[in-house]
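Kindly generate the complete structure, drawing on both the sequences and the hints.
Here the protein sequences come in this chain order: W and L. Anchor point for the first sequence: position 160 equals 160 in the working numbering, and the numbering is continuous, going up by one each time. Anchor point for the second sequence: position 9 equals 1009 in the working numbering, and the numbering is continuous, going up by one each time.
Please keep in mind that the hints were generated in silico from the structure rather than gathered at the bench. Here the structure is a predicted model, which is why all the values come from computation and not from measurement. Misleading hints may appear alongside valid ones.
[As the list claims (entries may be wrong)] Pairs of lysine-lysine residues, derived as DSBU-like cross-links and limited to a Cα-Cα distance of at most 35 Å, are as follows:
#1 L:K1092 - W:K388
#2 W:K258 - W:K403
#3 W:K296 - W:K346
#4 W:K324 - W:K103
#5 W:K373 - W:K253
#6 W:K57 - L:K1092
[As the list claims (entries may be wrong)] To give a feel for the contact side, a few chain L residues facing chain W, derived at Cβ under 7 Å:
#7 V1011
#8 R1018
#9 V1034
#10 Y1037
#11 H1054
#12 V1061
#13 Q1075
#14 L1087
#15 P1091
Every residue gets a Cβ at the ideal spot worked out from N, C-alpha and C, and that includes glycine.
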Amino acid sequence: MDLAGLTIAGARRMMQAGELSPVQLLDAVNDAIENTDARVGGYLSRDYARARAAAEKSDTSLPLGGIPIAIKDVINVEGEPCTCASQILQGYTAPYDATVITKLRAAGAIPFGRTNMDEFAMGSSTENSSIQLTRNPHDPERIPGGSSGGSAAVVGANEALASLGSDTGGSIRQPAALCGCVGLKPSYGRVSRYGLVAFASSLDQIGPFTHTVEDAALVLQAIAGHDPLDSTSLDVPVPDYSARLNDGVAGMKLGVPKEYFVEGMDPQVEARVREAIEVYRALGAEIVEVSLPHTKYAVADYYIIATAEASANLARFDGVRYGKRAEAPRDLADHYGRTRGEGFGKEVKRRIILGTYVLSSGYYDAYYLRAQKVRTLIRRDFEEAFEKVDGLLSPTSPVPAFKIGERMADPLQMYLSDIFTIAANLAGICGISIPCGMAQTGGKALPVGLQIMAPAFEEARLLRIARAYEQTQQRG
Amino acid sequence: MSAPHLDVRYVADLVRLRLTDGAIAELQPQLDHVLSYIEQLNEVNVEGIEPTAHASAVYNVFRADVPRDGFTQEQATANAPHSGSGLFIVPKVVEG
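Here you go:
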């Protein structure tokens, strides 16, 4: 069977009608991987036998019963590798399930396949993977975005119905936009981070990649909620994300932040996003221009806060308890220095060094403390905007997928790929990217993403706004 | 004001990252470039602004102080590159 066009909701309906079994679905996904992944490179590993055993006894009456879901290789799944696409975690086998995996299993889903990523989720193109290159399903000469590039590419290439990724500064929304799928970053504290290998703990969130907004609501329903094992997950009730999904946007006020339409952005991206905004107007939403005046500082702010947190989080990779260790160390300092020097890739080293510097004595106030204060101003921009509007509409990425190698020489140019997604992480609000048409470049049609943002813990509203647009398009 | 400068060799040593001379030569201008970009935060007036450490203000989260299951010694050491007798084995730390 062909997976193209098949959604979670569709597969569920077929299972309930007795037209599809969980084993047939798993085999269809496995066949799609065998036929497709050699040219995409989205998967790092998969364990068919384990998934097959789970499929054979899966309970299709559960909300995600029998649905295989691919998992970014930064989330622990008991008994499987979790490489973070780094050499330093070669040989590691996860001894436990992350909370999102426990919850997916409880909802009947089957974790199947581990997806490629930028090493330790640091990057915007998946080119920082130390293991393999992932190619954009729409043009093999282009990147899939990042850092969750594998998770986006396998959904975009119809070799998974859905996947999980993590988003610290856009790592779900940006690759979803570039690969033509739906990517949801929940509000900070909505989904447990227990078992997610930490990059920047005050920014990281786990979320789904799917073909449709309806499917994103189904996966979020399964993974959201308070977890005693993550003290930053908030004890806030989880609403029914599907209940009012189709209620539309008539009467809503949607804001268009003027700072998100900048010079240098691709004219086709701007055109597609402006067309989508007109669709919302036609659906009865009132479109209002708003201002988020501190937007231009978000990237600089992020690269202080995220690298500072990363420098502390990555101290645990010391070659003692897990992972790879340098051969024949002279003494402990040599052991640490060479294990980490040999084990981490270039981008990870750049960020650890920058993060250590901004936290160091004499520079802490000038960089880190100032960045935390600017973060307050960025958060306030959103609070003030959401007093006037129900949601915000913008491009997800200023450009469609760029060519492999194009931005690797200049780290700053790569960092600017996330210019429209980073602020949502700093503010802790929720955001989603949905496909809104194509840009024609060099004979290829490349997907463009529309980003929608809503206040913290307003995922139901966010999904409803996204669904309203999706229903006007062919798919879904 | 002079351009910001970060001594890569010194900071890398602080975080136990052994770098080759070639890697330092490559990282040095890249990091100085990123630092120059970050300097733009100095334009922002942050007087009287409270810092944000976390997106959601949650403080002092406690759980009930009751025992719960953890890893066995065998599970805890299963991923160690070098272990024995249920212990992590590392290079000698104390001389003598």
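Results for each hint:
1. L:K1092 - W:K388: Status violated; Cα separation ~63 Å.
2. W:K258 - W:K403: Judged against 35 Å, a Cα distance of about 28 Å means the pair holds.
3. W:K296 - W:K346: Holds - the C-alpha atoms of K346 of chain W and K296 of chain W are around 27 Å apart, at most 35 Å.
4. W:K324 - W:K103: Status holds; Cα separation ~30 Å.
5. W:K373 - W:K253: Given that 35 Å is the threshold and the Cα spacing comes to 29 Å, the pair holds.
6. W:K57 - L:K1092: 50 Å, violated
7. V1011: 5 Å, holds
8. R1018: Holds. Min distance 3 Å.
9. V1034: Given a least distance of 6 Å, the restraint on V1034 of chain L holds.
10. Y1037: Hint holds; Y1037 of chain L Cβ to chain W Cβ min 6 Å, cut 7 Å.
11. H1054: Since the shortest Cβ distance to chain W is 5 Å, the answer is holds.
12. V1061: 4 Å, holds
13. Q1075: 5 Å, holds
14. L1087: This interface hint is violated because 11 Å lies over the 7 Å limit.
15. P1091: Holds, about 5 Å.
Checked against the numbered hints above, the structure violates hints 1, 6 and 14; every other hint is satisfied.
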